[in-house]
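Trainee: Sequence:
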Amino acid sequence: MSAKWNNKRPMAPHLQVWKWHPAMLSSILHRASAIIAYIGLIIVTIGIFYLSNTGSLPLEFIIFSPIGLIGFGVFIFAFTFMALAQARHAIWNNGSMMDPAKNNTLSYLMIIIALIWTFCMLLMSV
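Residue numbers (numbering that gives the first Met the number 0): 0 to 125.
These are calculated hints, taken from the structure and not from any lab test.
Given the structure is predicted, the values throughout are model-derived calculations rather than measurements.
Just to be clear, a hint being listed does not mean it is correct.
With a Cα cut of at most 20 Å, we get these calculated SDA-like pairs of lysine to any residue [as the list claims (entries may be wrong)]:
#1 K18 to A100
#2 K101 to R87
#3 K101 to I111
#4 K7 to W17
#5 K18 to N5
#6 K101 to I90
#7 K101 to H88
#8 K18 to H29
#9 K101 to A89
#10 K7 to L24
#11 K18 to Y107
#12 K18 to I90
#13 K18 to D98
#14 K18 to T104
#15 K18 to M97
#16 K101 to H20
I would like the entire structure built from these sequences, with the hints used as guidance.
Mentor: Put into structure tokens, the structure is as follows:
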């Protein structure tokens with residue numbers, strides 16, 4: 000370390016010494032939601048093709064069970080959060096909201112909006 004460095008934290012911290020903040024959480028959620036949304040869209044596409052060929056859905060009893068409702072909720076949250084994250088990237092491309100405090104606020108808003116939207120969609124599907 001540098002002789003002038005008087006902070007107890009290392010100059011090049013690893014994940015174990017980072018201070019967590021909302022922007023980090025939203026970055027991780029964005030990656031996870033992209034994976035979940037793509038897998039969910041592949042499953043929906045396969046289901047639509049199967050439905051068009053046979054006239055029935057495979058594993059229909061699971062789709063309309065509480066497990067299916069949980070899966071639907073996870074998919075809706077992931078898809079909504081990913082869309083909001085893309086909107087955040089469009090805002091960043093304009094050079095706006097780059098201040099850490101504003102970025103953290105935007106990250107909180109994204110998570111809250113995605114949760115509210117997911118809850119509303121689940122209420123409408125029940």
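Trainee: Each hint should be assessed against the structure and marked as holding or not.
Mentor: Hint check:
no.: 1; hint: K18 to A100; result: holds, 14 Å
no.: 2; hint: K101 to R87; result: holds, 11 Å
no.: 3; hint: K101 to I111; result: holds, 15 Å
no.: 4; hint: K7 to W17; result: holds, 12 Å
no.: 5; hint: K18 to N5; result: holds, 18 Å
no.: 6; hint: K101 to I90; result: holds, 12 Å
no.: 7; hint: K101 to H88; result: holds, 14 Å
no.: 8; hint: K18 to H29; result: holds, 19 Å
no.: 9; hint: K101 to A89; result: holds, 15 Å
no.: 10; hint: K7 to L24; result: violated, 24 Å
no.: 11; hint: K18 to Y107; result: holds, 16 Å
no.: 12; hint: K18 to I90; result: violated, 25 Å
no.: 13; hint: K18 to D98; result: holds, 17 Å
no.: 14; hint: K18 to T104; result: holds, 16 Å
no.: 15; hint: K18 to M97; result: holds, 18 Å
no.: 16; hint: K101 to H20; result: holds, 12 Å
Of the numbered hints listed earlier, those contradicted by the structure are 10 and 12.
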